[in-house]
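Number of protein chains: 2
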Amino acid sequence: MLLLVAGGADGATPDSAPAASNVPGAQTPSIHADGRVTFTLEAPKAGTVELAGGDGLGQGPFPMTRQGKGAWSVTIPAPVPGFHYYWFMLDGVRVNDPGSRTYFGYSQETSGIEIPQPGADFYAIRSVPHGQVREHWYLSSVTGEWRRALVYTPAGYDDHPTQRYPLLLLQHGMGEDESGWTRQGKAQFILDNLIAAHKAVPMIVVMDRGYADPPGAAPFALSDNLGLAAIRTAFTRFEAVVMEDLLPSIDRSYRTIPDQAHRAMAGLSMGGMQTLFIALRHLDTFAYIASLSGPVSGGSDANQSFGASLGARFDVARAYDGAFADPAGFNARVKLLWMGAGSAESPRLRTSIEGAVEALHAAGVQVVYYQSPGTAHEWQTWRNDLNDLAPRLFR
Amino acid sequence: MLLLVAGGADGATPDSAPAASNVPGAQTPSIHADGRVTFTLEAPKAGTVELAGGDGLGQGPFPMTRQGKGAWSVTIPAPVPGFHYYWFMLDGVRVNDPGSRTYFGYSQETSGIEIPQPGADFYAIRSVPHGQVREHWYLSSVTGEWRRALVYTPAGYDDHPTQRYPLLLLQHGMGEDESGWTRQGKAQFILDNLIAAHKAVPMIVVMDRGYADPPGAAPFALSDNLGLAAIRTAFTRFEAVVMEDLLPSIDRSYRTIPDQAHRAMAGLSMGGMQTLFIALRHLDTFAYIASLSGPVSGGSDANQSFGASLGARFDVARAYDGAFADPAGFNARVKLLWMGAGSAESPRLRTSIEGAVEALHAAGVQVVYYQSPGTAHEWQTWRNDLNDLAPRLFR
Numbered sequence: 001m002l003l004l005v006a007g008g009a010d011g012a013t014p015d016s017a018p019a020a021s022n023v024p025g026a027q028t029p030s031i032h033a034d035g036r037v038t039f040t041l042e043a044p045k046a047g048t049v050e051l052a053g054g055d056g057l058g059q060g061p062f063p064m065t066r067q068g069k070g071a072w073s074v075t076i077p078a079p080v081p082g083f084h085y086y087w088f089m090l091d092g093v094r095v096n097d098p099g100s101r102t103y104f105g106y107s108q109e110t111s112g113i114e115i116p117q118p119g120a121d122f123y124a125i126r127s128v129p130h131g132q133v134r135e136h137w138y139l140s141s142v143t144g145e146w147r148r149a150l151v152y153t154p155a156g157y158d159d160h161p162t163q164r165y166p167l168l169l170l171q172h173g174m175g176e177d178e179s180g181w182t183r184q185g186k187a188q189f190i191l192d193n194l195i196a197a198h199k200a201v202p203m204i205v206v207m208d209r210g211y212a213d214p215p216g217a218a219p220f221a222l223s224d225n226l227g228l229a230a231i232r233t234a235f236t237r238f239e240a241v242v243m244e245d246l247l248p249s250i251d252r253s254y255r256t257i258p259d260q261a262h263r264a265m266a267g268l269s270m271g272g273m274q275t276l277f278i279a280l281r282h283l284d285t286f287a288y289i290a291s292l293s294g295p296v297s298g299g300s301d302a303n304q305s306f307g308a309s310l311g312a313r314f315d316v317a318r319a320y321d322g323a324f325a326d327p328a329g330f331n332a333r334v335k336l337l338w339m340g341a342g343s344a345e346s347p348r349l350r351t352s353i354e355g356a357v358e359a360l361h362a363a364g365v366q367v368v369y370y371q372s373p374g375t376a377h378e379w380q381t382w383r384n385d386l387n388d389l390a391p392r393l394f395r
Numbered sequence: 001m002l003l004l005v006a007g008g009a010d011g012a013t014p015d016s017a018p019a020a021s022n023v024p025g026a027q028t029p030s031i032h033a034d035g036r037v038t039f040t041l042e043a044p045k046a047g048t049v050e051l052a053g054g055d056g057l058g059q060g061p062f063p064m065t066r067q068g069k070g071a072w073s074v075t076i077p078a079p080v081p082g083f084h085y086y087w088f089m090l091d092g093v094r095v096n097d098p099g100s101r102t103y104f105g106y107s108q109e110t111s112g113i114e115i116p117q118p119g120a121d122f123y124a125i126r127s128v129p130h131g132q133v134r135e136h137w138y139l140s141s142v143t144g145e146w147r148r149a150l151v152y153t154p155a156g157y158d159d160h161p162t163q164r165y166p167l168l169l170l171q172h173g174m175g176e177d178e179s180g181w182t183r184q185g186k187a188q189f190i191l192d193n194l195i196a197a198h199k200a201v202p203m204i205v206v207m208d209r210g211y212a213d214p215p216g217a218a219p220f221a222l223s224d225n226l227g228l229a230a231i232r233t234a235f236t237r238f239e240a241v242v243m244e245d246l247l248p249s250i251d252r253s254y255r256t257i258p259d260q261a262h263r264a265m266a267g268l269s270m271g272g273m274q275t276l277f278i279a280l281r282h283l284d285t286f287a288y289i290a291s292l293s294g295p296v297s298g299g300s301d302a303n304q305s306f307g308a309s310l311g312a313r314f315d316v317a318r319a320y321d322g323a324f325a326d327p328a329g330f331n332a333r334v335k336l337l338w339m340g341a342g343s344a345e346s347p348r349l350r351t352s353i354e355g356a357v358e359a360l361h362a363a364g365v366q367v368v369y370y371q372s373p374g375t376a377h378e379w380q381t382w383r384n385d386l387n388d389l390a391p392r393l394f395r
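Sequence lines, in order, name chains A and B.
To convert, note that position 281 of the first sequence is 281 in this note's numbering; the numbers rise steadily by one, no gaps.
To convert, note that position 355 of the second sequence is 355 in this note's numbering; the numbers rise steadily by one, no gaps.
It should be emphasised that the hints constitute simulated quantities derived from the structure, not laboratory data.
There could be a bad hint or two in this list.
Identical copies carry no separate label here, and so any pair may be met within one copy or between two of them.
Unchecked claim - Each computed SDA-like pair below joins lysine to any residue, with the alpha-carbon atoms no more than 20 Å apart: (1) Lys199 with Ser346; (2) Lys45 with Gly68; (3) Lys69 with Met89; (4) Lys335 with Gln366; (5) Lys69 with Gly47; (6) Lys69 with Pro327; (7) Lys335 with Pro391; (8) Lys69 with Asp91; (9) Lys335 with Val201; (10) Lys335 with Glu358; (11) Lys45 with Thr65; (12) Lys45 with Asp91; (13) Lys45 with Gly70; (14) Lys335 with Gln260; (15) Lys45 with Gly92; (16) Lys45 with Met89.
This is chain A alone, in the form it adopts within the complex (with noise of 0.2 Å):
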């Protein structure tokens, strides 16, 4: 132990700094200079303890080893950047970093860590006008529940009370909540930063909570196994929410311009999936379509799992119900449909988009296609997503 009593090696040294997702006065996790990380969890009685994480953290689990007392360490290459979720298995169990904040990802409470990025400052908190989070409460004639958006407003929409603005409803992915695109996402400098430099037109972003499942009932869980029949009916009945609660519900309470040419959804893997499956049917209502890392439904049949779907020929005249079959037709609708994945997302996703995308165009469907540049299936890839995605919206 020599090595780490000497410095350098772990725990706080004068090359590192507690990362920004840390809470107020957590030394750990510590970004060091060179971009390695170093975690730390006191447990005296503990016989084994392992950092384990998301996409992005690195190929783990990590084991940690035992300093002194009981504060377990470990120090790790340098993950890519961005946030990354983390946490500790003790003794098997697996617990929360009580150093970082939590974050709500796979359906629980979870501890993150922000990697800063060099150079990177578009989702960076700057001295910009800011637009403002708000909390939107709502009654679900669907659900029977009250439940909770955030709704963005650009900077200025207090000084201009006769302006208004068109909407972009914004969704997170499976295991993640309303509060995804912000806390982790960053949706709100992005915008603000977009909208300063006259790259983005002012907006509405509206963030609301993917699931709809009956009072009681066990939360949609998407799976290699589920049926597509299943998938379906779980996002028809947040489709409901959508239409018949949520959007209604947000007309009434903000100045949205409320025609198809203002309006957009995109979302993010499941909420990539869900946009597609409502914003399709609904043509009416959304000018702008935006799957990011959104798995895509090849064919129509019910019975096939979503692990086999994802290995399907893209039929353009039969996938989601046959709306893209007239392509003309779609093209004078939509002013946009946008699909993108990360270059280092799995094959298998990768595939299903690049092989959706590959056949629209064939079919003379415009499509926009991002390839976010060495990220996988994590937040920094939907930051750069939104960054490329906002500027092309409702313009």
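Add chain B to chain A, keeping to what the hints say.
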């Protein structure tokens, strides 16, 4: 274990329901019809697991027992109604319950449970017009950092763009942050309900992070041994943030009425100390001053420890740099001085507050004292407090 298998004592049973503070789908903590609560944790390799928590959960820690393959469980006697922080001690390591949302308390993310109070709906979300809670980011000239405050705007704020509103600055307690009053306290629903019933006037409520530590410094932590001089230094820095950064920023962004008659400051526990410290030095800014379970500083001896100061006689002439030395003048300037405590709080704290109230009253200073019935140093006290206080403001 026959009794347990026979049902009723542990686990999800027909007579129990998941707590409203659980993450969606989590079956425990579950609250039984008779008010008892069952907690569980999966920890197959653990040697000991205990349940512990804040005031109001009951006389813990509660040992948990292993059920079958590795689920640990305990059912505790009915806690008092309200919100209670809790956690598990897993072989001595404090960990959160994956079944619970987390709430910022004890300077970290902490599990919490909401115990319903039969018949009490003053803090429930109801079918009344709702205000909004908004994120407000501002750059502090004092700390050099971007800070987040939360701002409640009352129902109708956007519909009446020329109407201006009084402002209540409402602060959290030690170890909590700006999210406490809305997430733990449900302040937005208390105000929605009071305003809808015309019991309180529509007002803007600003909730800030009550710390202003220099970047990189150890976070301020209140303790019995801390000297009053150190507390004064920390509060003076937060005072500067409030007066120089926060209030001017709010006045620029929201339609306040920026005069003394339309400004209130209130806070709970440490926030109550801050309220008395700051507002009593700025009687030209605040006409309404409320300390909710806030320890009162009786003397003015900077060498005294915080703990010792709680037992000191309240010296009306000298306390708070002589703010009360001229009772008639004070009464003429200040429209409301309000102090509150729960009837089940520690005698030490209640004596500190009630001693001050008695001394002030005897000296002719007008002061309202409110005692929350049967509640301790916990959020149910502060919900009751706000419900009593808000109707007295700006009348």
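Homomeric proximity label, lysine 69 with proline 327: Cα distance no greater than 20 Å: So lysine 69 and proline 327 fail the 20 Å test inside a copy (68 Å) and across (57 Å) alike.
Alpha-carbon proximity between lysine 69 and glycine 47, which holds within one copy, between copies, both or neither at 20 Å: both (13 Å within a copy, 19 Å between copies)
Same-copy or cross-copy closeness of lysine 45 to aspartate 91 [CA-CA at most 20 Å]: both (10 Å within a copy, 6 Å between copies)
Intra- versus inter-copy proximity for threonine 65 and lysine 45 (alpha-carbon distance at most 20 Å): both (13 Å within a copy, 19 Å between copies)
Intra- versus inter-subunit Cα pairing at 20 Å for lysine 335 with glutamine 366: Intra 9 Å, inter 66 Å, cutoff 20 Å: intra-copy only.
20 Å Cα threshold - placement of valine 201 relative to lysine 335: within (15 Å within a copy, 46 Å between copies)
Within, between, both or neither, where lysine 199 and serine 346 count as close if Cα-Cα is 20 Å or less: Neither way: lysine 199 and serine 346 sit 31 Å apart in one copy and 58 Å across, limit 20 Å.
20 Å Cα threshold - placement of glycine 92 relative to lysine 45: Close inside one copy (13 Å) and across copies (7 Å); limit 20 Å.
Alpha-carbon proximity context of lysine 69 and aspartate 91, limit 20 Å: For lysine 69 and aspartate 91, both the intra-copy (17 Å) and inter-copy (15 Å) Cα distances are at most 20 Å.
Intra- versus inter-subunit Cα pairing at 20 Å for lysine 335 with glutamine 260: within (10 Å within a copy, 53 Å between copies)
Intra- versus inter-subunit Cα pairing at 20 Å for lysine 45 with glycine 68: within (12 Å within a copy, 23 Å between copies)
Status of glutamate 358 relative to lysine 335 across identical chains (alpha carbons, at most 20 Å): within (19 Å within a copy, 71 Å between copies)
Hint compliance for this structure: hints 1, 6 are not met, and every other hint is.
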